[in-house]
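A.B. asks: Each chain is listed here by its residues.
2 protein chains.
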Amino acid sequence: MAIEHPYLMFLGDAPDQLAAKTAQGVAHWRPEWCKGQFRLPGCNADLKLPEIATMAEAAEAGCRTVVIGVANRGGVISEAWVEVLEQALDLGMDLAAGLHNRLAAVPRLREAAARNGRQLFDVRHPTKDFAVAAGSKRPGKRLLTVGTDCSVGKMYASLALAWEMDRRGMKVNFRATGQTGIFIVGEGVSVDAVIADFISGATEWLTPANEPDHWDVVEGQGSLFHASYAGVSLGLLHGSQPDALVLCHEPTRKHMRGLPDFSLPPLDLCMQRNEQMARLTNPDVRTIGIAVNTSGLESDAAHRYLREIEDTMDLPAVDPVRDGVASIVDRLE
Amino acid sequence: MAIEHPYLMFLGDAPDQLAAKTAQGVAHWRPEWCKGQFRLPGCNADLKLPEIATMAEAAEAGCRTVVIGVANRGGVISEAWVEVLEQALDLGMDLAAGLHNRLAAVPRLREAAARNGRQLFDVRHPTKDFAVAAGSKRPGKRLLTVGTDCSVGKMYASLALAWEMDRRGMKVNFRATGQTGIFIVGEGVSVDAVIADFISGATEWLTPANEPDHWDVVEGQGSLFHASYAGVSLGLLHGSQPDALVLCHEPTRKHMRGLPDFSLPPLDLCMQRNEQMARLTNPDVRTIGIAVNTSGLESDAAHRYLREIEDTMDLPAVDPVRDGVASIVDRLE
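Chains as they are written, first to last, in our numbering: chain A, 481 to 813; chain B, 481 to 813.
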């Protein structure tokens, strides 16, 4: 069941802007869904959305769901939050959170939801039981973003691709596999939080059979070259059966995220390895472009770097933020 | 915490021998731990262990744990079971089960365990919170069994290797990653049941730093070529950082288990792919032998097949049941 919008973005007592990273992603990609922001004393994050001071005001403004896309001080659902969140439920709004701790584990919230017939979405915790992956080819086209590392812009690239395809009138769905993505489209599966045996099965469920000219753009996770998370990446690769891969990269990264002993793989090796492993469930897979997060480079250096990659890899290479992804989408039409 | 032996093997109302497959594996590898079998009316499985008619008799015989290694009719913990299992707890024994449904979810059993200070082991459900894999190399040696498919004899080969190494006086632990293996050594982690993000982390925890000449023999799961489970296999490969791989195969298998559209990979490709992926966390990995389940072949055909593989692959190839694994262990000394 999808999370209803418009949203009230709940920033709680987020100590800084980084703590509101998820909320910021939602506000960036769904400005039209975000009616305003709600902040408690001590909050140092700001999404530059209209300030909404009370839950009554949020309900009046038409908000359907209060989205908790923040990490607060202490990482738990504090007493100060419970008070206002309960009010939201009593006023007929749902709650959605991407926290490690579940909203449904707070008795007052669970009771208020039941009493009002409202929903609590703990998007980091899949509640569905998935089937084991069937592996057999299903109709519809799929594009998966893969990466040299974690956090190199796979979600951003996927959304930019899906938005551009939609703009061109193509049949397309963005398929969210992480909490920010789930808030952005209102549904999805946190694939890294499913039981290991069902990674591919959950991915198959998320990207079902579809019309032959319909595209699922699937948000990738981790990297085949990340020693902690490669199992998740491989399950996504097999379950999504991608026709097209877009390789994502961040050129200033000194080592694999969280693993100081591991350097990033070369782009060509990373591309070959992903194609090699993806062929198990789709022998026709091919890489159609490279999305680079060049935010760490000056504009000139960024464009020089992108031209270099285009020459070496013989594929369109873009920074989705600086240049958009039109040259990659051209390859799909 | 380890499951205490001796065991009483609880066969319940297992409809046939196959339903008691787990119990049979335990009785095969730990005859000295299995004091007897307990069967309810309608049970058609038989482990050829001494028949124990009551829980009082089991307690008197010194049993410490009642092991439920069966799938009963209906797949649930029936009322008929609860009665005798509660008696076992009241008599001071623990319970251990490999069922999908948890013992701990049955109120009468949970209460009886608490009342008597006894333990309920639901070995299919990891209860520990694992850390994300660190990836860095740790001391000690590790051997992992990998396979062309699921259920080709990886557990059997791993146990045969560990038992043979122990017989030779080598420092060795068998590391169980599935329910049968866990009953056989009393501890381990059902790796396919952990949260996807922690497959490698759980494997690192299971195979910790050790003396430089100590071997962990790690039970493999699934196959890199199995479209449903490859993510689990890759996480195991990265987390165990194997120095040595043993490739397991079943030559009469017509297609990948549960996937009629997928044929088994050639042995050489399967070996290369496993080595290639394993190099991420251990560049010195090498395959040291091939274990073949030839139970589907006559003795002559089996040995012809093994000699053929030895010639083609230039590695020792054995059926652990027919021939033992001495020629593979020779390579480790």
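Watch out, some of these pointers could steer you wrong.
It does not matter which identical chain is used: a pair holds within one copy or between any two.
[As the list claims (entries may be wrong)] Taking lysine to aspartate or glutamate and the DMTMM-like style, the derived pairs with C-alpha atoms no more than 25 Å apart in a straight line are:
#1 LYS621 - ASP741
#2 LYS617 - GLU531
#3 LYS617 - ASP741
#4 LYS528 - ASP493
#5 LYS528 - ASP780
#6 LYS528 - ASP764
#7 LYS515 - ASP791
The hints are simulated quantities; they were obtained by calculation from the structure and are not laboratory data.
A.B. asks: Against this structure, judge whether each hint is valid.
C.D. replies: Tested hints:
no.: 1; hint: LYS621 - ASP741; result: between (37 Å within a copy, 20 Å between copies)
no.: 2; hint: LYS617 - GLU531; result: neither (48 Å within a copy, 50 Å between copies)
no.: 3; hint: LYS617 - ASP741; result: between (38 Å within a copy, 9 Å between copies)
no.: 4; hint: LYS528 - ASP493; result: within (16 Å within a copy, 65 Å between copies)
no.: 5; hint: LYS528 - ASP780; result: neither (30 Å within a copy, 78 Å between copies)
no.: 6; hint: LYS528 - ASP764; result: neither (45 Å within a copy, 53 Å between copies)
no.: 7; hint: LYS515 - ASP791; result: neither (44 Å within a copy, 71 Å between copies)
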